[in-house]
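**Q** Each chain is listed here by its residues.
Number of protein chains: 2
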Amino acid sequence: MLFDLDGTLVDSVYQHVLSWREALDSEGLNLSLWRIHRRIGMSGGLFLQALTRELGQSLTEAQVERLRQSHAKNLLLKMDQIRPLPGAPELLARLTAMHVPWAIATSGGDVTARGTLALLDIPEGIPIVTRDQVAYAKPNPDLFMVAAERLGLAPRDCFVVGDSIWDLLAAQRAGALGIGLLSGGYGQDELERAGAYRVYGDPADLLAHLDELGIRAAG
Amino acid sequence: MLFDLDGTLVDSVYQHVLSWREALDSEGLNLSLWRIHRRIGMSGGLFLQALTRELGQSLTEAQVERLRQSHAKNLLLKMDQIRPLPGAPELLARLTAMHVPWAIATSGGDVTARGTLALLDIPEGIPIVTRDQVAYAKPNPDLFMVAAERLGLAPRDCFVVGDSIWDLLAAQRAGALGIGLLSGGYGQDELERAGAYRVYGDPADLLAHLDELGIRAAG
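Sequences listed follow chains A and B, in order.
Heads up: the first sequence runs through residues 93 to 311, numbered per the working numbering.
Heads up: the second sequence runs through residues 93 to 311, numbered per the working numbering.
It is possible that part of the hints are untrue.
No copy is singled out in the list; a pair is fine if it fits within one copy or between any two copies.
Simulated crosslink set (EDC-like; lysine to aspartate or glutamate; CA at most 20 Å straight-line) [to be verified]:
(1) Lys170 x Asp117
(2) Lys165 x Asp202
(3) Lys165 x Asp224
(4) Lys165 x Asp117
(5) Lys170 x Glu114
(6) Lys165 x Asp281
(7) Lys170 x Glu216
(8) Lys165 x Glu153
No lab work stands behind these hints: they were computed from the structure.
These numbers come from a predicted model, not from an experiment.
Next up, chain A with everything else stripped away, as it sits in the complex (with noise of 0.2 Å):
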């Protein structure tokens, strides 16, 4: 199983929206909060050519590493009031205990995702592989290829599971199967057209039903 981060394993999806809400503020730049939400999970660098297509003007690069850092700060100021999902911690033990592999590929850079992995008690050897180790995040198919490539498994092969359109897109291209979590504030309807093969309440509501997805104690 391929996870997502935010959204899917940890309750930060709001705070990255106000996050990048107060950087567009502070370069002069109105956006309101739901079209910010909407965009959350793809590269930060997709993100923002996204919202200035809603904007109608474009940025300078220079105002692009400003947003991209005053978002960091932001984020990294309201790291405290971040959770693991009900049911991540759980999740992840009992894949670890009956010998799935999993690991996990988030569109975050490493700075702000080291926070936020540090919630969860993820044991040596999971691969992690962040923004910062790929050329192209999501919907690229990069992060969940790399991912895959770390277990030794072919994508067509695995779960990925993320609460965004983004993952679900990224998943498609990947060639593998995608599970949806509301937990993220998408609607599920979202979560099905952009291709989830299911879709969950979140992590708790996940492991309660692995049974659907045929997943059991590797041999």
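With chain A held as given, fit chain B onto it using these hints.
**A** Only chain B this time, still in chain A's reference frame:
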């Protein structure tokens, strides 16, 4: 036209979500942000009932009162982050200029609504119905029925404009047609399933499509 306020005319839903989360935290109650988001727009009382069902534990009356006060206090601290949604002032001004009667009906209380209403330039004489003025808030129809009555209209001759499924369910109960806006962060499908007659992005998008609703200057 009968307007909801938070998420419909002002970009305040995400601040409400975080304010409830902070309030719940201070009572030692842990609830994911997306679950709070999906309940925003209900009356505070029903909201807390729904949350306790999800938490699987009941709250004392004293706890409910502390949660309400804490939410209001937290929201007031975030008031300077709240802006009108794009097109909201222009939409209201256009309706006024066209002599189309309109009113605002919000599940928010007087104290929190006052701050957000101040962001909109509301002419004298526009009816404003808040939680404190009716026995039951959304999804009960009372707020919209009182708003229609103050305009001297039957609810069936009104459009209700709202961002949450609770607005649209209340509109159905009042016998009015509901117009959904995506600006509160709900998905289009959720709003349509709750009975939306039409769905637009935000007030600017609604303003650009008033002709679709057959709204024209009153003779």
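**Q** For each hint, tell me whether it holds in the structure or not.
**A** Outcome of the hint check:
{"no.": "1", "hint": "Lys170 x Asp117", "in the structure": "both (17 Å within a copy, 15 Å between copies)"}
{"no.": "2", "hint": "Lys165 x Asp202", "in the structure": "within (13 Å within a copy, 35 Å between copies)"}
{"no.": "3", "hint": "Lys165 x Asp224", "in the structure": "within (17 Å within a copy, 40 Å between copies)"}
{"no.": "4", "hint": "Lys165 x Asp117", "in the structure": "within (14 Å within a copy, 24 Å between copies)"}
{"no.": "5", "hint": "Lys170 x Glu114", "in the structure": "both (12 Å within a copy, 12 Å between copies)"}
{"no.": "6", "hint": "Lys165 x Asp281", "in the structure": "neither (33 Å within a copy, 35 Å between copies)"}
{"no.": "7", "hint": "Lys170 x Glu216", "in the structure": "neither (27 Å within a copy, 41 Å between copies)"}
{"no.": "8", "hint": "Lys165 x Glu153", "in the structure": "within (18 Å within a copy, 40 Å between copies)"}
Violated hints, in rising order: 6, 7; the structure is consistent with all others.
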